[in-house]
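Student: Line order of the protein sequences matches chains A and B. Taking numbering that gives the first Met the number 0, the leading residue of the first sequence gets 0, the next gets one more, and so forth. Taking numbering that gives the first Met the number 0, the leading residue of the second sequence gets 0, the next gets one more, and so forth.
The hints are simulated quantities; they were obtained by calculation from the structure and are not laboratory data. For each residue, glycine too, the CB sits at the ideal point set by N, CA and C. Among the clues, some could well be false.
[What the hints assert, rightly or not] On the chain B side, residues computed to face chain A include the following (Cβ under 8 Å):
{"no.": "1", "residue": "25"}
{"no.": "2", "residue": "26"}
{"no.": "3", "residue": "56"}
[To be verified] 30 Å max Cα-Cα, derived DSSO-like pairs, lysine-lysine:
{"no.": "4", "chain 1": "A", "residue 1": "170", "chain 2": "A", "residue 2": "49"}
{"no.": "5", "chain 1": "A", "residue 1": "268", "chain 2": "A", "residue 2": "149"}
{"no.": "6", "chain 1": "B", "residue 1": "34", "chain 2": "A", "residue 2": "268"}
{"no.": "7", "chain 1": "A", "residue 1": "149", "chain 2": "A", "residue 2": "170"}
{"no.": "8", "chain 1": "A", "residue 1": "50", "chain 2": "A", "residue 2": "170"}
{"no.": "9", "chain 1": "B", "residue 1": "34", "chain 2": "A", "residue 2": "149"}
[Unchecked claim] What follows is a set of in silico ranges between Cβ atoms, one per label pair, in the way DEER data are often shown:
{"no.": "10", "chain 1": "A", "residue 1": "318", "chain 2": "B", "residue 2": "2", "range": "32 to 40 Å"}
{"no.": "11", "chain 1": "A", "residue 1": "280", "chain 2": "B", "residue 2": "68", "range": "24 to 32 Å"}
{"no.": "12", "chain 1": "B", "residue 1": "2", "chain 2": "A", "residue 2": "531", "range": "47 to 55 Å"}
{"no.": "13", "chain 1": "B", "residue 1": "68", "chain 2": "A", "residue 2": "328", "range": "52 to 60 Å"}
{"no.": "14", "chain 1": "A", "residue 1": "209", "chain 2": "B", "residue 2": "68", "range": "52 to 60 Å"}
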Amino acid sequence: MSSGEQTLVPSQTITIALLGNPNTGKSTLFNALADVRQHVGNYPGVTVEKKIGHVVLDGQRFALVDLPGTYSLAPRSPDEMVTVDVLLGRQTDVAAPDVILCVVDASKLERNLYLVSQAIELGVPTLVVLNKMDLAAEHGIELDIALLQKRLGVPVIPLQADRRIGLESLKQELSQVDGQTMPASDIPFPDAFREEVTRLQNDLQDASSEIEPTATVPRYLVERLLLDQAGYVEQAGLPGVTEAVLEQVGEARARLATAGFPVPAVEAKARYQWVSQVLDGAIVSQFTDRITLTDRLDHVLMHRVWGTAIFVAVMVVVFQSIFAWALPVMDLIEEGIGWLSESVSAVMAEGALRSLLADGVLAGVGSVLVFLPQILILFFFIALLEECGYMARAAYLMDRLMYRVGLSGKSFIPLLSSFACAVPGIMSTRVIEDRRDRLVTILVAPLMTCSARLPVYTLLIAAFIPDRRWLGGWLGLQGITMLAMYLLGMVTAVLAAWLFKRTLLRGQTPALIMELPHYRLPSLGTVVRRVCENGWAFISGAGTLILVVAILVWAAAYFPHPPELASQVRAGYAEQLAALEQRERGLQQQDDLSEDQRQAATDQLLEERAELRGEISAAVAAAYMEQSFLARAGHFIEPVVRPLGWDWRIGCAVIASFPAREVVVGTLGVIYHLGEGEDETSESLRETLRSATWPGTGRKVFNVPVALSLMVFYALCAQCAATLAIMRRETNGWGWPLFTFVYMTLLAYIGAFLTYQGGILLFGGSPVG
Amino acid sequence: MFRLAAGQVGEIASISGDPSQVHRLHELGMYQGIKVTMVRSGTPCVIRLAGHKLCFRQNDGLEIQVNPLAGG
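Take the sequences, apply the hints, and build the full model.
Tutor: Next up, the structure:
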C-alpha cells in the first residue's frame, strides 16, 4: 500500500500526513499551508476528526491530512489506531500518504524525536519540520541542522509557523518530494527483539494464509503487537491475530524479559538511545536550569491560593461574557425569527403550508441558530486559553476537586460551560483524552442548569412561590428556590458521575499525565479559525437533526387540523360579537353625546372588539391544539404524569418541549387559551396558570407541589434535541444519547414524583400563596 | 517519587505498574536514568524533565522509584 516506490506524475495529488506531538504548532502549520477550502468530517466508527486541506505548489496538487496530536504511535484505542492506519495507508477513506511531515518542537527535541523514531519505521518518506525555533533560541538551544539532517537521513526544515518564517523553504522541499527520501539510521533495537518480531510476523503470515493469502501485516504493527501490553493492536482484527498467536506474543514477551529486554521498557531504551545518538553534537549548546518567563508565570498562576483566585476570576469573566454578550444576540435572533414568521404569515394564505413555514421551519431554524452565540463565545475563550497554554494549568488547579468525583481536572471547563449550555460544553470535552472520563463528562453535562431552563423556572417561581423575604429583603424564598434548582442539578451530576465511574464505565482511574506547555501569545487567526470550525461543526452535525425534530413536533401539534373546527369555535362567540356590533350601532344612533364622549365610547368599543378577537383566535388555537396528535399524546400519557400532579395539558407541553426546554412556556400559553407569544415574564400567563382548574371541577391544576414537581422535572430531564444531537456527533452513535435520554428522564420522573408526593404531605395539596 | 520535596532533584530508578501507564510515561520522556526536578509537590504534582514540565497525579497503578540527588 505504501507508495514509496511509485513514480509521481505531476498531475497526481501528493498526500502529506501531518504528524506531531500536541502543542507543536502542527495546526498552525496546517492552516498556514492549506488554502481556505478544507474538508472536515469524522473517520467512520471513531470520534477522531478528519481534516484534509489542499494546496497547489508549482502546479503540483497536495492534499494535507491533519492528524490528531500524539506523543507516540502506540495505539491504545480505536481513536489512536486511526492515526497509525492513516500513516500506513490502511485507512480506506484517505489516500495513503506519500510523505509524512513530522512537526517537531525544537525546544523539546528529545521527547519529540521519540515520535520521529516511530514515524521513520513506517517505511514512508518523511520530512522533519523543526518548529518553534524562536522558543528554542530563548532556551539557549543552538542546533547544528546540517548534522541533524545527516544523522536522521531525512530533510530537516527549521520553521516558525506562527510567523510564517521558513514556510517558503518548506514549500520548496515539498515540491521536490520524489518518494526517495528515506531515513538513514535504524532504531537500535536488540537483535533478540528483532528476531522475535520476525518470528511473530511469520506466525501471522502462516495463520492468515489459510483465510486471506494476500493479507500481510506491516512490520511496524507486528512490533506494536509485541510491545503494547493491553494495546489496541491486539483487538484491531489484524489478519492472522488469533488466540494462538496472542499466546505466542505472551511467550515472546517472557523470553525477552528473561533475556534482559522486558516489554515495554525495551522500546524506550532503544528509541531514547537512538535519540541521544542523533542529538549528540547536533545540539551545540543548551542552557539547563534557566528560569524562563513560563516558570515565572507558573509561580503565580499555579499557586494554590493566587492561582486558584486568578482561575476563578477568569471563569467569572468567561461566564459573564457568555451571559452579557450571548443573551442580547440570542434575543435578537429570536426577534428576527419572530419577525420573519410574522411576515410569512402576513403574505401567505392561511393553511398548513403557512403554519409549516412560520411555526415549523422558521421556529426550527431559530432553535438551531439560537445556540450559536453561546457556542461561538465559549469557543473563543476556550481557543484563547488553550492557545496561550493556560488550559493545562486550569486542569491542574481543578484536578483535586474533580478527582473526588472520579474525574480529572480536564472535565471542569466542559462542566462549567454546561451551566450556560450543554451543547458547547459537550463539544469542549474533546480535550479529555481518556475515553471513560470523556463519556462520563458528556453524560452528566446536561444535568447542569443551562440557560434554557431559566424561563421555565422564572415563570413557575414568579407564579407560585410566595414572595417571602427575610433579613431586610436580602434573603427571599423565590431566590432560594432558584438556587435549590441549580444545586439539585449540580449534586445530581456529581452523584451520577460517581455512579457511572463505578458501574457502567468502570475502570482504573487513569493517571493524569499532562504536559504543561510553554506560554505563548495566541495567534488571532488560529483562534478565529477554531471558533468558526466549532460553529460549523454544530450546524452541520446537529442542525439538521434539530430542524427535523422541530418540524415533527410542529406536525404533531398541527395535525389533523379539521378546517370546520375554526368556524365551530367562532360560532360559539357569535352572540358576543353580535352584542358588540349592536352596541356600536346604538352609539351611532345616539345624538345627545359631546364629541369627547363619543370618542371615548368608540375607543372603548374598539378595545373590547380587539380583546374579543384576541380571545377568539386564542380559543381557535387552543381548540386546534386540543384535537391535535400532540394533545392525544398528552391524554395518552396522563395516567403516567398524574402521580406527578400534572394534567394532560402539562404532559402535552412537556412533550412539545422536546426540541428545546424553553418551548414549554409558549406551549402552556397556547394550551391555556392565551394565544402565542407569551413569555415567562407575562403577567397574564402567570394569572392563567394560577386560575387553571381540572376539567369539571373547581380544583386548581397548579399549586406549589405541582410547580415544584414541574421544575424538578425540568432540572433533571434531557428535553433538549440539540444536546442529544451533539452527543450523537461526539460519541459517533445513537447509543449514548439514547442512554442519556432514558436515564435523565427516569431521574426526572422519580424526582418530580417524590417532590409532588412530598409536597402533598407537607402542604396538603391546597394552593399556597 | 511523590516524596520529593519541591525543588529537589532525583534520578528515576524504576517505573513499574500498569503497563500502559508506564508506556505513556516513557513516551513523555520519563524513563530509567533520567533526572527529574519536583516543581510543585502534592497531588497532582508538577515535575520538570528534559526541558519540559509534566503534571501528574499519583495513582495505585503506578510505582515510580527515585534516587534523590544531592543539591539542585
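Student: Compare the structure with the hints numbered earlier in the document and write down the numbers of the violated ones, lowest to highest.
Tutor: none
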